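Student: Position 11 (the sequence shown) corresponds to 11 in our numbering; numbering is contiguous.
If you are wondering where the hints come from, they were derived from the structure by calculation, not from laboratory data.
This structure is a prediction, so every number in the text was calculated from the model and none was measured.
Any given hint might turn out to be false.
Said to hold, decoys possible - Simulated crosslink set (DSSO-like; lysine-lysine; CA at most 27 angstroms straight-line): (1) Lys-112 x Lys-67; (2) Lys-123 x Lys-73; (3) Lys-73 x Lys-103; (4) Lys-144 x Lys-112; (5) Lys-143 x Lys-112.
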Amino acid sequence: MVAYNPEEQEKIEGLKAWWSTHGSSVIIILSTMIAVMAGMQAWKYYHKQQALQAADLFAVLQQQIDKGGSSEKINDALHLLTTGYPESGYASRAALIAAQANKNLGNLPEAKAKLQWILDHAKELEIKDIARLRLAGVLLDEKKFDDALKLLDSQHGESF
Numbered sequence: 001m002v003a004y005n006p007e008e009q010e011k012i013e014g015l016k017a018w019w020s021t022h023g024s025s026v027i028i029i030l031s032t033m034i035a036v037m038a039g040m041q042a043w044k045y046y047h048k049q050q051a052l053q054a055a056d057l058f059a060v061l062q063q064q065i066d067k068g069g070s071s072e073k074i075n076d077a078l079h080l081l082t083t084g085y086p087e088s089g090y091a092s093r094a095a096l097i098a099a100q101a102n103k104n105l106g107n108l109p110e111a112k113a114k115l116q117w118i119l120d121h122a123k124e125l126e127i128k129d130i131a132r133l134r135l136a137g138v139l140l141d142e143k144k145f146d147d148a149l150k151l152l153d154s155q156h157g158e159s160f
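With these hints in hand, go ahead and build the complete structure from the sequences.
Tutor: So this is what it looks like as structure tokens:
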């Protein structure tokens with residue numbers, strides 16, 4: 001065993017006293033920091049997985065449109081995306097694409113519903129402005145001129 005001189009022994013005793021007073025606090029703080037870091041990593045992983053799944057559903061929707069799929073198939077693909085991942089940027093963009101596809105297929109009520117969903121749920125003002133403009137176009141196709149003007153007079157982003 002190593003013999004310590006009195007000065008070293010005094011330092012060791014001081015360290016032991018400090019550890020007995022503050023040791024549990026140090027352990028709690030370190031444990032909390034580790035738990036927070038693990039939680040942050042898990043949260044990032046979860047969001048990454050959500051984004052990947054939303055991207056996959058977006059690709060399915062695009063494939064349906066590219067194949068010339070029916071309005072029903074397009075709307076089913078969009079429904080999976082908007083109900084499963086409504087907060088993702090893919091949902092509002094997919095709704096824009098699906099609305100255009102429905103309009104091209106002559107299904108104006110579905111196109112209106114998709115554009116209204118964007119106005120109700122999208123977070124990005126630019127996407128909402130695009131949807132508002134396209135919805136006004138659908139209303140014009142339906143000869144609802146006053147409704148289209150009211151829609152365009154509503155609040156919009158600066159870039160509009």
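Student: Each hint: holds or not?
Tutor: To see whether the hints hold, each was checked on the structure:
no., hint, verdict
1, Lys-112 x Lys-67, "holds (22 angstroms)"
2, Lys-123 x Lys-73, "holds (26 angstroms)"
3, Lys-73 x Lys-103, "holds (14 angstroms)"
4, Lys-144 x Lys-112, "holds (13 angstroms)"
5, Lys-143 x Lys-112, "holds (14 angstroms)"
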